[in-house]
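Enquirer: Letter by letter, the chains look like this.
Number of protein chains: 2
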Amino acid sequence: MKIFKIALAQFSPHIGNIEANAQKMIEQANQAKKQNADLIVFPELSLIGYPAEDLLIRPSLAKRTQKGFEQLSQVKDIVMVFGFVNQTEDGERYNAAVVMKDGQVLGIYNKQNLPHYGIFDEKRYFNEGHQHLVFEYLGHKFGVLICEDVWSLNTVHQLSQLNVDTILVLNASPYEVGKPQHRIATMRKLAKQLNINLAYINQVGGQDDLIFDGTSFVINQDGEVALQAPSFQEELYYTEYLAEQKTFKVVESTPALDTMAEIYQGLVLATRDYVQRSGFPGVILGLSGGIDSALTLAIAVDAIGADKVQAVMMPYTYTAPMSVEDAAAQAKSMGVTFGIAEIHPIVNSFMQTLYPFFGNSPADTTEENLQARTRGTLLMGLSNKFGNLVLATGNKSEISVGYCTLYGDMVGGYSVLKDVYKTIVFELAKYRNSISETPVIPERVITRPPSAELRPDQKDQDSLPPYDILDAILYAYIEEDMSQDDIITKGFEKEVVEKIIRLVDQNEYKRRQGAIGPRISSRAFSRERRYPIVNGWTPGV
Amino acid sequence: MKIFKIALAQFSPHIGNIEANAQKMIEQANQAKKQNADLIVFPELSLIGYPAEDLLIRPSLAKRTQKGFEQLSQVKDIVMVFGFVNQTEDGERYNAAVVMKDGQVLGIYNKQNLPHYGIFDEKRYFNEGHQHLVFEYLGHKFGVLICEDVWSLNTVHQLSQLNVDTILVLNASPYEVGKPQHRIATMRKLAKQLNINLAYINQVGGQDDLIFDGTSFVINQDGEVALQAPSFQEELYYTEYLAEQKTFKVVESTPALDTMAEIYQGLVLATRDYVQRSGFPGVILGLSGGIDSALTLAIAVDAIGADKVQAVMMPYTYTAPMSVEDAAAQAKSMGVTFGIAEIHPIVNSFMQTLYPFFGNSPADTTEENLQARTRGTLLMGLSNKFGNLVLATGNKSEISVGYCTLYGDMVGGYSVLKDVYKTIVFELAKYRNSISETPVIPERVITRPPSAELRPDQKDQDSLPPYDILDAILYAYIEEDMSQDDIITKGFEKEVVEKIIRLVDQNEYKRRQGAIGPRISSRAFSRERRYPIVNGWTPGV
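In order, the protein sequence lines correspond to chains A and B.
With the first letter of the first sequence counted as 1, position 531 gets the number 531 in full-length UniProt numbering; the numbers rise by one all the way through.
With the first letter of the second sequence counted as 1, position 82 gets the number 82 in full-length UniProt numbering; the numbers rise by one all the way through.
Source of the hints: derived by calculation from the structure; they are not laboratory data.
The model shown is predicted, which means the values in this text are computed figures rather than measured ones.
Heads up, a few of these hints could be off.
Note: identical chains are not told apart, hence a pair may lie in one copy or across any two.
With a Cα cut of at most 30 Å, we get these calculated DSSO-like pairs of lysine-lysine [unchecked claim]:
1) K385 to K510
2) K24 to K63
3) K385 to K459
4) K63 to K490
5) K499 to K308
6) K63 to K499
7) K123 to K63
8) K123 to K179
9) K101 to K67
10) K34 to K246
Please construct the entire structure, taking both the sequences and the accompanying hints into account.
Expert: Next comes the structure, spelled out in structure tokens:
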């Protein structure tokens with residue numbers, strides 16, 4: 001027999017839109033009531049969404065929060081636990097959770113551990129709380145923690161000392177590869193160690209460069225997973241507490257995704273949320289016959305549907321016929337709008353105008369960049385005219401070393417593969433082909449040697465080491481913060497490592513002007529790798 | 001008779017280059033010795049420079065700092081006080097100051113107040129110190145504080161209780177309009193209140209988007225200014241402590257700069273440091289005959305010299321003849337390389353290529369953007385071929401409301417007027433003309449109505465309110481965080497305010513891809529206004 005039932009609201013907020021979020025929370029609470037839930041728990045800062053950044057310091061936030069509370073007070077006969085910004089009269093601001101019933105505030109908890117590393121800036125906005133919150137309901141003692149709190153053994157230990165049966169953890173924990181599994185594994189150990197039940201509710205949805213995967217779960221005090229919600233889906237999940245066993249009922253969990261499925265679904269969700277929440281009618285991208293744009297197209301179609309996706313092939317002298325064929329074939333098989341725009345006349349007119357300036361200077365990357373910038377300008381023209389968002393198609397390997405053209409192939413409002421190394425791009429393309437009856441990305445696009453096709457017979461490998469080596473060096477330098485010397489010691493060629501690191505360092509200015517794109521790694525080029533553009537840090541040790 | 005002499009090292013570090021900074025500090029210490037100084041004080045974190053951002057979390061920082069200390073230990077017979085990153089064996093990291101003599105460490109102070117608002121992120125990198133440092137030298141008791149510490153009355157009060165005669169304050173306090181005067185006024189009150197002498201040493205130089213103005217000073221305990229160093233200059237300044245009066249000798253101070261002189265010199269310094277420290281041989285910019293590019297040109301010439309500056313006029317159908325005349329006249333009078341590149345053929349070829357896509361869609365901003373992007377691509381081509389940095393010329397008013405073309409007039413590595421409202425652009429142009437015998441900016445450029453010249457007879461004022469009104473609304477919304485309702489209540493037209501705020505909010509994505517540029521306001525679009533691109537914050541309250 002169940003004693004009570006909790007709804008875990010794996011909620012996708014619209015950042016900053018308190019009124020709309022409150023409205024959706026009301027609907028979800030009413031839905032949970034219909035399922036006879038006694039309690040509904042929302043993620044961290046669910047009322048305003050995470051991260052709201054400097055919206056948190058707008059003067060009217062308190063007023064808006066107050067209105068959100070008034071909206072939510074109409075919910076009756078179910079206990080709601082949700083996240084909000086708690087501003088006290090003396091001007092202190094807390095990342096807080098409230099327990100509310102029938103419009104009455106039963107308790108407020110202020111987050112005690114504020115992360116301020118990686119992507120996090122919470123000390124910019126919040127004060128630290130110093131008190132635990134425990135509330136009793138239906139004969140059960142609940143404690144409340146918020147995200148980072150549960151990673152502080154000290155904090156969790158203190159709370160567990162207060163005879164709490166179950167800790168409700170409100171989270172906005174961003175996705176990175178392997179993170180969903182890591183959270184559950186860590187929390188299983190913790191539950192067992194402290195002999196306490198944990199209900200972990202995570203935000204879901206894309207927000208600019210961040211993906212929130214959801215993957216909420218419930219763990220019994222013996223460490224068993226009672227419930228594991230799917231990743232990347234907004235939904236209510238339910239868990240029942242059983243009288244006899246004094247544990248949460250164990251239900252069959254959604255199996256964890258394979259790595260490529262996990263990344264792919266994350267990218268799809270991020271792209272969908274960015275496009276839809278920015279109000280674009282659709283997207284447009286340059287399809288080159290290469291693997292990056294092919295994968296980006298597949299993600300775009302899976303995110304918003306083929307009818308909202310436009311692909312343009314923009315060949316030039318160095319474009320191989322098979323590139324045009326493959327682009328056309330993929331566009332056709334995916335059912336998207338497809339057009340071809342020759343760029344010769346435009347590039348020629350650029351060259352003629354520049355000739356008096358260039359004189360007899362030998363051709364170099366300048367001429368290659370002209371091709372890329374002509375394509376970028378065409379895409380932006382089509383975007384301006386019809387309103388579709390341009391998707392940039394560059395990958396993390398290229399963007400790391402600056403093997404991309406600013407205002408050229410870098411144009412766009414969302415850079416879908418920005419945090420995806422080229423070796424993973426290949427894996428994702430194969431994964432995507434593996435899940436449909438006929439391959440959506442032509443086989444030849446995956447198997448041919450990658451080329452930017454900006455000069456005759458060009459191959460990426462003419463300028464860069466093979467991608468498996470390049471990516472290994474980049475990973476060591478970027479994700480693992482290893483020094484040049486240490487990477488060389490690992491066995492990579494000295495000259496190669498020196499060149500790659502020099503390129504990464506020199507191209508900070510380019511990355512700074514690049515479009516945002518979804519983060520899937522533990523060190524994306526965005527808010528979590530903050531390097532000065534002008535800097536004299538020498539490689540080496 | 002003097003008892004001792006202090007050298008205030010208004011130092012301009014090369015961020016991250018510890019070896020080079022240490023070398024320069026040695027040279028400055030030796031120079032100070034020749035002037036019989038007993039003590040030399042450098043700014044906050046002088047060894048690595050401020051802000052070093054995520055270089056501070058590179059694993060080899062401790063090793064590099066150690067080497068810097070070894071270099072500096074060769075300085076003899078003068079006490080050095082300088083800033084460094086203090087990493088303890090248990091992995092804590094402090095923003096610290098060290099007192100060193102003949103290679104011996106006499107004391108270390110860890111900053112107690114870590115700013116983490118506005119442009120500051122110190123809690124991302126540092127732990128808070130909890131102890132004061134007082135050292136006695138030549139019969140005088142010195143206390144040491146670092147930047148934010150001196151703005152905490154609590155901290156300063158505690159230190160003053162330790163019978164300190166003079167507080168040495170090591171700073172990296174970024175410039176904003178009026179800040180130099182504000183610092184001195186506040187510190188005069190403080191010195192008087194606590195009956196204590198203050199020697200305030202500030203970093204100087206441009207670092208990416210930040211300008212450090214220097215403007216170091218010494219204040220006697222009666223509140224009198226004993227020394228005020230000039231702004232925006234790297235130099236050693238000396239102050240003598242007199243036996244009889246028991247105060248620092250009052251010397252004639254550099255008069256404070258007028259506001260426009262202050263801003264102008266700041267922009268010149270920032271531009272020079274960005275160009276030179278990035279290793280560019282020179283700069284290139286598009287000269288339109290309008291006031292923004294005219295002012296940018298003047299700043300560039302003053303920063304790095306006319307021989308390193310290239311200007312290009314890129315006329316189209318809508319360019320008035322007087323624009324070409326004025327651009328040519330200014331280029332000639334300033335002595336820069338000047339060229340003209342007609343963009344008709346290129347724009348036409350874009351239009352022809354796009355025609356099959358556009359069909360009979362009426363002309364709109366798409367066609368205007370093609371002109372701007374053609375110009376941007378030409379500038380980038382010239383930059384790629386000859387290595388000069390492209391300077392973007394947009395102002396803060398335009399960038400706020402998105403009255404600028406992404407990948408068009410926004411191209412560039414440094415955006416000189418990014419934080420300068422249009423009304424200030426006019427003032428700066430007049431100021432610059434006022435300080436040379438013959439005007440460097442043609443009078444007509446200043447007096448004619450501003451126009452982007454992207455369609456026939458276009459004036460900025462067709463799409464935007466007059467600049468004095470626009471700037472007042474923008475200032476209220478951006479700098480003062482006022483709500484839409486409150487701005488309307490101030491007396492501005494409702495429709496105008498709503499439109500402006502909508503434009504500011506909608507154009508976050510454009511600004512995010514813009515070049516960095518020097519900050520002169522209290523709320524620049526850079527690291528200190530962090531808004532989500534996707535957000536549902538509604539205007540109004």
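Enquirer: Using 30 Å as the alpha-carbon threshold, which applies to K63 and K490: within, between, both, or neither?
Expert: between (57 Å within a copy, 20 Å between copies)
Enquirer: Quick one: K123 to K63, C-alpha cut-off 30 Å, is that within a copy, between copies, both, or neither?
Expert: For K123 and K63, both the intra-copy (22 Å) and inter-copy (29 Å) Cα distances are at most 30 Å.
Enquirer: From the Cα coordinates, with 30 Å as the cut-off, is the pair K63 and K499 best called within, between, both, or neither?
Expert: between (54 Å within a copy, 23 Å between copies)
Enquirer: Within a copy, between copies, both or neither: where do K499 and K308 come within 30 Å Cα-Cα?
Expert: Intra 41 Å, inter 29 Å, cutoff 30 Å: inter-copy only.
Enquirer: If the cut is 30 Å between Cα atoms, do K385 and K459 qualify within a copy, between copies, both or neither?
Expert: The answer is between: 22 Å across copies meets 30 Å, while 34 Å in one copy does not.
Enquirer: Treating 30 Å as the Cα threshold, decide for K101 and K67: within, between, both or neither.
Expert: within (17 Å within a copy, 61 Å between copies)
Enquirer: Since the copies are identical, ignore which copy is meant and state whether K24 and K63 lie within 30 Å (CA to CA) inside a copy, between copies, both or neither.
Expert: within (19 Å within a copy, 53 Å between copies)
Enquirer: Is it within, between, both or neither when you check K123 against K179 at 30 Å Cα-Cα?
Expert: Both: 23 Å inside a chain and 25 Å across chains, each within 30 Å.
Enquirer: With identical chains, the pair K385 and K510 could be close in the same copy or across copies; at 30 Å between alpha carbons, which is it: within, between, both, or neither?
Expert: Intra 27 Å, inter 17 Å, cutoff 30 Å: intra and inter.
Enquirer: One pair to classify: K34 and K246, alpha carbons no more than 30 Å apart. Within, between, both, or neither?
Expert: within (24 Å within a copy, 81 Å between copies)
Taken one by one, the earlier hints all hold for this structure without exception.
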